[in-house]
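Residues in the sequence shown are numbered from 2 upward in steps of one, following my numbering.
By construction, these hints were calculated from the structure, which means they are not laboratory data. Nothing here was measured: the structure is a model prediction, and the numbers come from that model. Fair warning: there could be bad hints in the mix.
[To be verified] Computed cross-link-like contacts, EDC-like style, restricted to lysine to aspartate or glutamate with a CA-CA straight-line distance of at most 16 Å:
(1) K75 with E21
(2) K15 with D74
(3) K59 with E43
(4) K15 with D25
(5) K79 with E24
(6) K15 with E29
(7) K59 with D74
(8) K79 with E21
(9) K79 with D68
[Claimed, not checked] Label pairs and their in silico Cβ distance ranges:
(10) R70 with V47: 31 to 39 Å
(11) S72 with W22: 16 to 24 Å
(12) G5 with A42: 18 to 26 Å
(13) H28 with I51: 34 to 42 Å
(14) A16 with I51: 35 to 43 Å
(15) G5 with F71: 29 to 37 Å
(16) S50 with F71: 40 to 48 Å
For every residue, glycine included, the Cβ atom is placed at its ideal position computed from N, Cα and C.
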Amino acid sequence: MITGSTVSFIRALKANNTREWFEDHKHEYHHAYGEVIGFTAELLRVVSSIGESALDPKSCIMRICRDVRFSRDKSPCKTGFFCVH
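Full structure from sequences and hints, please.
Printed below as a string of structure tokens:
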């Protein structure tokens, strides 16, 4: 289940998207990441009961660090968690 602390972390990251801020709040990121993995695992469990094969939740979550080499926006982090299949 995704709680308010994860939503608060994402909002704070959006307002303070610097490498220094992220390093200072890495423990909050790990907590939020854990909640997203739990949510993704539950979602995959439900989908697999319909007939889809089981996947590892960690392989479905996109990383939070951005590749800024060719981007005009040099913000180091994405401001959300993204799940793909």
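Checked hints:
For the given pair, K75 sits about 14 Å from E21 by alpha-carbon distance, which is consistent with the 16 Å threshold. Distance hint between K15 and D74 is fulfilled; the C-alpha atoms sit about 13 Å from each other, no more than 16 Å. Our distance criterion of 16 Å between C-alpha atoms is met by K59 and E43, whose separation comes to about 12 Å. Distance restraint check for K15 and D25: the Cα-Cα separation of roughly 15 Å lies within the 16 Å cut-off, and the hinted pair is therefore satisfied.
In summary, the hint linking K79 to E24 is supported, as the alpha carbons are separated by about 14 Å, within the 16 Å threshold. Restraint check: the Cα-Cα separation between K15 and E29 comes to about 14 Å, which is no more than 16 Å; the hinted pair holds. This hinted pair does not check out: K59 and D74 have alpha carbons roughly 27 Å apart, beyond 16 Å. Between the alpha carbons of K79 and E21 the distance comes to roughly 15 Å, so the proposed pair stays at or under 16 Å and holds.
Of the pairs offered as hints, the one joining K79 and D68 holds, with about 10 Å between alpha carbons and a cut-off of 16 Å not exceeded. Checking the proposed 31 to 39 Å range against R70 and V47 shows it holds: the Cβ atoms sit about 38 Å from each other. Between S72 and W22 the Cβ separation comes to about 19 Å, which falls inside the hinted range of 16 to 24 Å. One distance hint, 18 to 26 Å for the beta-carbon pair G5 and A42, holds here, with the actual separation near 20 Å.
In this structure the hint that H28 and I51 lie 34 to 42 Å apart at CB holds, the actual value being about 36 Å. For the pair A16 and I51, the beta carbons lie near 39 Å from each other, so the given range of 35 to 43 Å is met. In this structure the hint that G5 and F71 lie 29 to 37 Å apart at CB holds, the actual value being about 36 Å. Range check, S50 to F71: about 41 Å between beta-carbon atoms, so the 40 to 48 Å window is met.
In the structure shown, a violation is registered for the earlier hint numbered 7 alone.
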